[in-house]
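Trainee: Residue-level listing of the chains:
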Amino acid sequence: MSNNKAFMDADGVESLADEMAGKIQVLLNERQINDPLMIGIRTGGVWLAKLLHRKLGLKEPLGTLDISFYRDDFTRIGMNPEVHPSDLPIPVDDRHIVLIDDVLQTGRTIRAALNEIFDYGRPASIILATLVNRSGRELPIQPDIVGLHPELEQDQHITLIGPDPLGLVIGSETNRRSRTDEQGTDG
Amino acid sequence: MSLSNKALQLDEAGRLLHFLTVDGLGREMLTEILDAAEGFTGVSERTIKKVPLCRGKVVANLFFETSTRTRTTFELAAKRLSADVLNLNISASSTSKGETLLDTLRNLEAMHVDMFIARHASSGAAHFIAQHADRGVGVINAGDGRHAHPTQAMLDMFTIRRHKGDFVGLRVAIVGDILHSRVARSQILALNSLGVSEVRVVAPRTLLPSDARSLGVHVYHDMEEGIRDVDVIIMLRLQKERMQGALLPSEHEYFRLFGLTEQRLALADSQAIVMHPGPINRGVEMESQVADGSKSVILQQVSYGIAIRMAVISMVIGAQNLRMQEMAR
Chain A
69 MSNNKAFMDA
79 DGVESLADEM
89 AGKIQVLLNE
99 RQINDPLMIG
109 IRTGGVWLAK
119 LLHRKLGLKE
129 PLGTLDISFY
139 RDDFTRIGMN
149 PEVHPSDLPI
159 PVDDRHIVLI
169 DDVLQTGRTI
179 RAALNEIFDY
189 GRPASIILAT
199 LVNRSGRELP
209 IQPDIVGLHP
219 ELEQDQHITL
229 IGPDPLGLVI
239 GSETNRRSRT
249 DEQGTDG
Chain B
361 MSLSNKALQL
371 DEAGRLLHFL
381 TVDGLGREML
391 TEILDAAEGF
401 TGVSERTIKK
411 VPLCRGKVVA
421 NLFFETSTRT
431 RTTFELAAKR
441 LSADVLNLNI
451 SASSTSKGET
461 LLDTLRNLEA
471 MHVDMFIARH
481 ASSGAAHFIA
491 QHADRGVGVI
501 NAGDGRHAHP
511 TQAMLDMFTI
521 RRHKGDFVGL
531 RVAIVGDILH
541 SRVARSQILA
551 LNSLGVSEVR
561 VVAPRTLLPS
571 DARSLGVHVY
581 HDMEEGIRDV
591 DVIIMLRLQK
601 ERMQGALLPS
611 EHEYFRLFGL
621 TEQRLALADS
631 QAIVMHPGPI
641 NRGVEMESQV
651 ADGSKSVILQ
661 QVSYGIAIRM
671 AVISMVIGAQ
681 NLRMQEMAR
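Chains as they are written, first to last, in my numbering: chain A, 69 to 255; chain B, 361 to 689.
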């Protein structure tokens, strides 16, 4: 990761999260949703979700999702050695969900997360909020709330680092390859 | 045997290609299995008790020896990973028609099975199957003769870790027929590898191997001495068929000397847990008050067995997939 260049520091991420929280609140009001269940996708999505959960003052506890068992590349990359159990503290049935991830690129992580959520039950609706929305989509998945649309080259990747302090870094293709062995950078 | 097992079980990158024995795997791999199982425990509590990890894979349960608990938990584990499961009760089919083990394997491989889960009365059977299995086919030992029963040992380690948090500093007593027990052998290896302070075996002389001490255990012939102050008591099943070999006078006598009663249990640490791989002979290894009592974690062992087997199946299938891709490059 040493080739990574800092792109945004913790204050920048914090103010992006402020903006996102505002937009989420507007959307929740529009749709007349009162007590949504917020779910963060491991690992970066959980860091961001903790921030947003606090800023929005949500009543329901934060849920976390580890999509390792739902990845479509298990047969190519094998078992992720650091799987954490997903934790959805309340039933998702008939519940409005706000799903949080750090970077949306291919859409495959969100596909896996949606599948996993539906194995817990049938939610009333799902809103998708991501800190970064970048090019490279491979599936028809679009976010409802976005913090940032960076202009990136095809071979560049952007990653949320954390948990303390949070920051965004940009790296090149060579170290992206080493990152794909870890969790959640397939966007 | 341990060296060749190691070479067979792990690839150059240290990935688990087969799971035949705890021997030679080391603390890191055992901890990786326990950690992976931790991730799977929640799956059994969900509305849909399934994850798609091994969808499209075919797992064959090859049981040359009867089993209910082990076979059904392996079956459930594979099904919760979305694999398809074939259950073959071989003692009742091919071998009685004269088909050799290798022919049985070749036939199943022709059906594109991805994994064999094997139980056999002969020590080394799973090892033999792993040596002869096609490339890309993983083998899990579900118990071979007196040799090993590694997934049972790992689910026991998982149960201990869940209750005690860590292995360091623990005193563990294994009570009963050590001589004939593949479970005990695997448990002792795993406990020592994970770094408990003291492993004790408690048994009559006739049910202990002559080289028991070389396994890295403290030997006790007196039950009360053996379980004093321990944190974990693992009772082994007394295989009734051993009675005929004059190794034991009677079940009643065994219970009098080695049975776990509430009175004896009071000698162990006040937070001690009681384990048993099942099936229990009530009134032989332990009295019902202990089996059903607050210190018994026997039924949790069964639940954890599913998570451990999901972990091992998915790790082996993942490792075999990766190896096949690397070879195709």
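Rather than coming from a laboratory, the hints here were simulated on the basis of the structure.
Because the structure is a prediction, the values reported are computed rather than measured.
Note that CB positions come from ideal geometry on N, CA and C, so glycine has one too.
Treat the hints loosely; a few may be bogus.
[What the hints assert, rightly or not] Heads up, incomplete: computed chain A residues facing chain B, CB under 10 Å, no partners named:
hint: 1; residue: F75
hint: 2; residue: F137
hint: 3; residue: N148
hint: 4; residue: L156
[Stated by the list, open to error] Each computed EDC-like pair below joins lysine to aspartate or glutamate, with the alpha-carbon atoms no more than 20 Å apart:
hint: 5; chain 1: B; residue 1: K439; chain 2: A; residue 2: D140
hint: 6; chain 1: A; residue 1: K73; chain 2: A; residue 2: D223
hint: 7; chain 1: B; residue 1: K410; chain 2: A; residue 2: D161
hint: 8; chain 1: B; residue 1: K409; chain 2: A; residue 2: D155
hint: 9; chain 1: A; residue 1: K127; chain 2: A; residue 2: E150
hint: 10; chain 1: A; residue 1: K123; chain 2: A; residue 2: D141
hint: 11; chain 1: B; residue 1: K409; chain 2: B; residue 2: D371
hint: 12; chain 1: B; residue 1: K409; chain 2: A; residue 2: D187
hint: 13; chain 1: B; residue 1: K410; chain 2: A; residue 2: D223
hint: 14; chain 1: B; residue 1: K439; chain 2: A; residue 2: D187
Trainee: Run every hint past the structure and note whether it holds.
Mentor: Each hint tested on the structure:
Taking 10 Å as the C-beta cut-off, the interface hint given for F75/A is violated, the closest approach to chain B being about 32 Å. Of the supplied interface hints, the one on F137/A holds, with its beta-carbon coming within about 4 Å of a beta-carbon of chain B, less than 10 Å. Look at N148/A: its Cβ gets to within about 9 Å of chain B, closer than 10 Å, so that hint holds up. The beta carbon of L156/A is positioned within 10 Å of a beta carbon in chain B (closest approach about 9 Å), and the interface hint is therefore held.
Proximity of K439/B to D140/A is assessed by CA-CA distance (about 18 Å); at most 20 Å being required, the pair is judged to hold. Restraint check for K73/A and D223/A: the C-alpha separation of about 14 Å stays at or below 20 Å, so the hint holds. Restraint check for K410/B and D161/A: satisfied, since their Cα atoms lie roughly 17 Å apart, inside the 20 Å limit. Taken as a hint, the K409/B and D155/A pair is honoured in the structure, with Cα atoms around 14 Å apart against an allowance of 20 Å.
Proximity of K127/A to E150/A is assessed by CA-CA distance (about 30 Å); at most 20 Å being required, the pair is judged violated. Note on K123/A and D141/A: the hinted pairing is violated, with a Cα-Cα distance of about 35 Å set against a maximum of 20 Å. Taking the CA atoms of K409/B and D371/B, the gap is near 31 Å; set against the 20 Å cutoff, the hint is violated. A hinted pair counts as satisfied when its Cα atoms are at most 20 Å apart, and K409/B with D187/A qualifies at roughly 8 Å.
At most 20 Å may separate the alpha-carbon atoms for a hinted pair to count; K410/B and D223/A exceed this at roughly 36 Å. For a cut-off of 20 Å, the pair hint linking K439/B to D187/A stands: about 15 Å separates their Cα positions.
Violation of the numbered hints given earlier is confined to hints 1, 9, 10, 11 and 13; the remaining hints are satisfied by the structure.
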